[in-house]
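Assemble the whole structure, with the sequences as input and the hints as a guide.
Chain residues, written in single-letter form:
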Amino acid sequence: MTGSSTSPILELRNVNKSFGPIDVLHDITLQVRAGEVLCLLGDNGAGKSTLIKIMSGVYIPTSGEILMDGQAVRFDTPRDASEKGIATVHQFGGTFPLMSIGRSFFVGVEPTKGWGPFKVFDRKKANHIAINALQSFGITRIDDGDRLVGGLSGGERQSLAIARAVHFGARVLILDEPTAALGVKQAAHVLRIVNEAKRRGLAVIFITHQVMHAMAVGDHFAVLIRGAVAADFRRGEKSREQITDLMAGGETMADLESQIEGYMATHDGHPPPTHT
Amino acid sequence: MELIRKLLRGPAAAAVLSLIAVVAFYVIVGRANLLELGAAASWLNFAANLGIIALPVGLLMIAGEIDISFGAMIPAGAITIALLSGTYGLPIEVGILGSLGLGAIVGLINGLLTTRTKVPSLLITLGTLTIMQGVVLWGAMSLAGNASIPLKSPDWAKFLFGHLIGNSHQVVIVWWVVMALAFGFFLHKTRYGNWIFALGGDRNSARNAGVPTTKMTIALFIMSAMAACFVGMCGAIQFNTTQVSGGMSYIFNVIASVVVGGVLLTGGFGSVTGIFIGTLTFAIVNKGISFTAINPNWANLIIGTTLVLAMLMNEYFRKKALAYSPKKV
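Those sequence lines, one after another, are chains A and B. Per this note's numbering, numbering of the first sequence is gapless, rising by one per residue and ending at 276. Per this note's numbering, numbering of the second sequence is gapless, rising by one per residue and ending at 605.
If you're looking for bench data, these hints aren't it; they were derived computationally from the structure. C-beta atoms are modelled at their ideal positions from N, C-alpha and C, and glycine is treated no differently. Hints are supplied without guarantee of correctness; some may be wrong.
Claimed, not checked - Which stretches of chain A does chain B cover? Using the computed rule of at least three CB atoms under 8 Å from a CB of chain B, they are:
#1 8-22
#2 98-104
#3 114-125
#4 145-159
Unchecked claim - Below, a list of computed lysine-lysine pairs in the BS3-like style, where the Cα atoms sit at most 30 Å apart:
#5 B:K491 / A:K119
#6 B:K282 / A:K113
#7 B:K282 / A:K124
#8 B:K394 / B:K491
#9 B:K596 / B:K465
#10 B:K563 / A:K113
#11 B:K465 / A:K124
#12 A:K124 / B:K491
#13 A:K198 / A:K125
#14 B:K434 / A:K125
#15 A:K119 / B:K465
#16 B:K596 / A:K125
#17 B:K434 / B:K563
#18 B:K491 / A:K113
#19 B:K282 / B:K465
#20 A:K53 / A:K198
#21 B:K596 / B:K282
#22 B:K595 / B:K465
#23 A:K84 / A:K113
#24 A:K198 / A:K238
#25 B:K282 / A:K119
#26 B:K595 / A:K125
#27 A:K238 / A:K53
#28 B:K596 / A:K124
#29 A:K125 / B:K491
#30 B:K434 / B:K465
#31 A:K185 / A:K53
#32 A:K84 / B:K491
#33 A:K124 / B:K595
#34 A:K53 / A:K84
#35 A:K185 / B:K563
#36 A:K125 / A:K113
#37 A:K84 / A:K185
#38 A:K53 / B:K491
#39 A:K84 / A:K125
#40 A:K185 / B:K595
What follows is the structure, encoded as structure tokens:
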């Protein structure tokens, strides 16, 4: 691995996680630096979700260390992690679909005006800040903070969630499959926002199984197979095919394709029957 | 026009339209006299008693929880004040505090059980509903020997909680309106209101964002049980006596009022204006029929139809609100 001069913001050292007798993660060692996008790739069931939950304070590792800025830390709750500047944005972005943009942006930290028992929620200020934050990420189409979050498109909701995390001082942004449910254009939009977050000096951990999306923004890649880091490489060191093959667990895509083609050639062009 | 569009996107839209539709139906089809209907006390008294409970229950529903134990808390509030200030002759202040205090305790229990376990609050409050029914009956029979306990209240208590304005309208109507204003301010203007919406939207995200979800939920359960005790207490002061039954019909009526008012049963959406107008609508459908030429046997058919139509409209307007985006100029 070509070393970077800056020290990592977040680092995992030999992290293991077991649920009872089942080992889910083995010896995970990862680093992510400011202004860098780390792509975590892996097929379904590779342990990506468990790893996110460890980094965001939902689970506590069975063994191993989590370090922030070189100091060992312990996240007992998601609150702990977010107070230390780790923000997790889930697949569907905003989680309060029936709240307005301004209101959902400030849940828990509402700006107020007035005095004593008549302190009121400052709707204008909340809407203004939320819309500005959103527009600074390039979502200029939205200019009314009273709109309901549920009425935004998937990409816009992701952007809102990312803008919110950045506004409240996140240093590490964990994006859990942000492009999985999106169309091509929407996904491109989210990728631009990932780049913008990176430009602002955030450390981004981008979880996905779409290699193309990872390659578009990633500086550093880690492939997870059955709970272990199977490969750890930097941008440009591997081709798209090589990464896809890695994720599929060694069985190359090309092999699979030739098998299918061979079958079709001998079966009047029918593809092989699928067994669940 | 813009104002009307804005109103239609609000959670109260369907309730307002239902109210207009019901009154129009009774006046046009039922040939009710609008002035006579408007001046009548029956539906307004009914609405006020329902409404005082519907406000906190509505907020609880917006926060994603439900409380049905208030069905037993209404008689419990009445029995408590009658036992303390009637049977034992303590000052009425003690009776009032005792009654509201009992509400606070049961609300606290509901809140603690709901936040400490994963059991749905519908089941928990079904449990406390039944327990409190038992406690109320046992308390009345063993301590007073009778389910109807006489209570004499001093004039000031009678004036505040149990007199009839103009010999027809219960003073609780005033309480209802004042409480609606206070709840409206609380839900829509303060930051706590924002927490209630966030709670109903996604409890985990709200907690992670720093909302004290447990305290908030418990506080709402306390408000709901105390409001029910308050209604029971006012009834006892007004009628100088109590009943152990009664209150069960409130469970259906209150929840129907809240839902007609545009509150989403699963939480996260609703308004105090909606709850208020939903309660009025429900009360007029229910009590207004006797002012019409419509055969009273049709009552339930009309009530049920109104409910279904209101729900469908709520669904429609909620979709509209979600899809709303301002037109580009």
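*Is K596 (chain B) close enough to K465 (chain B), meaning Cα to Cα at most 30 Å?*
Holds. K596 (chain B) to K465 (chain B) sits at ~24 Å (cutoff 30 Å).
*Is the straight-line distance between the alpha-carbon of K185 (chain A) and that of K563 (chain B) 30 Å or less?*
violated, 56 Å
_Would the hint linking K198 (chain A) and K125 (chain A) be met if the CA-CA limit is 30 Å?_
Within the cut-off at roughly 27 Å; holds.
_Assertion that chain B covers the segment 145-159 of chain A - criterion: three or more residues, beta-carbon distance below 8 Å_ = holds (count 4)
*asked:* Given the hinted pair K185 (chain A) and K53 (chain A), is their Cα-Cα distance within 30 Å?
replied: holds, 29 Å
*Is it true that the CA of K119 (chain A) sits at most 30 Å from the CA of K465 (chain B)?*
holds, 8 Å
*Given the hint that K282 (chain B) pairs with K113 (chain A), test it: the Cα-Cα distance must not exceed 30 Å.*
Judged against 30 Å, a Cα distance of about 25 Å means the pair holds.
*Would the pair K596 (chain B) and K124 (chain A) pass a check requiring their Cα atoms to be no farther apart than 30 Å?*
The given pair, whose Cα atoms are some 23 Å apart, holds under the 30 Å limit.
_Given coverage of the segment 114-125 of chain A by chain B, tested with a Cβ cutoff of 8 Å and a minimum of 3 residues_ = holds (count 3)
_Given hint K238 (chain A) paired with K198 (chain A) - CA-CA distance at most 30 Å_ = With a Cα-Cα distance of about 22 Å, the restraint between K198 (chain A) and K238 (chain A) holds, given a limit of 30 Å.
*Has the given pair, K84 (chain A) with K125 (chain A), been kept, meaning a C-alpha gap of at most 30 Å?*
It holds: about 26 Å lies between the C-alpha atoms, which stays within 30 Å.
*K53 (chain A) paired with K84 (chain A) [C-alpha distance capped at 30 Å]*: OK: K53 (chain A) and K84 (chain A) at ~15 Å, within 30 Å.
Checked against the numbered hints given earlier, this structure breaks hints 1, 10, 14, 30, 35 and 37; the rest are met.
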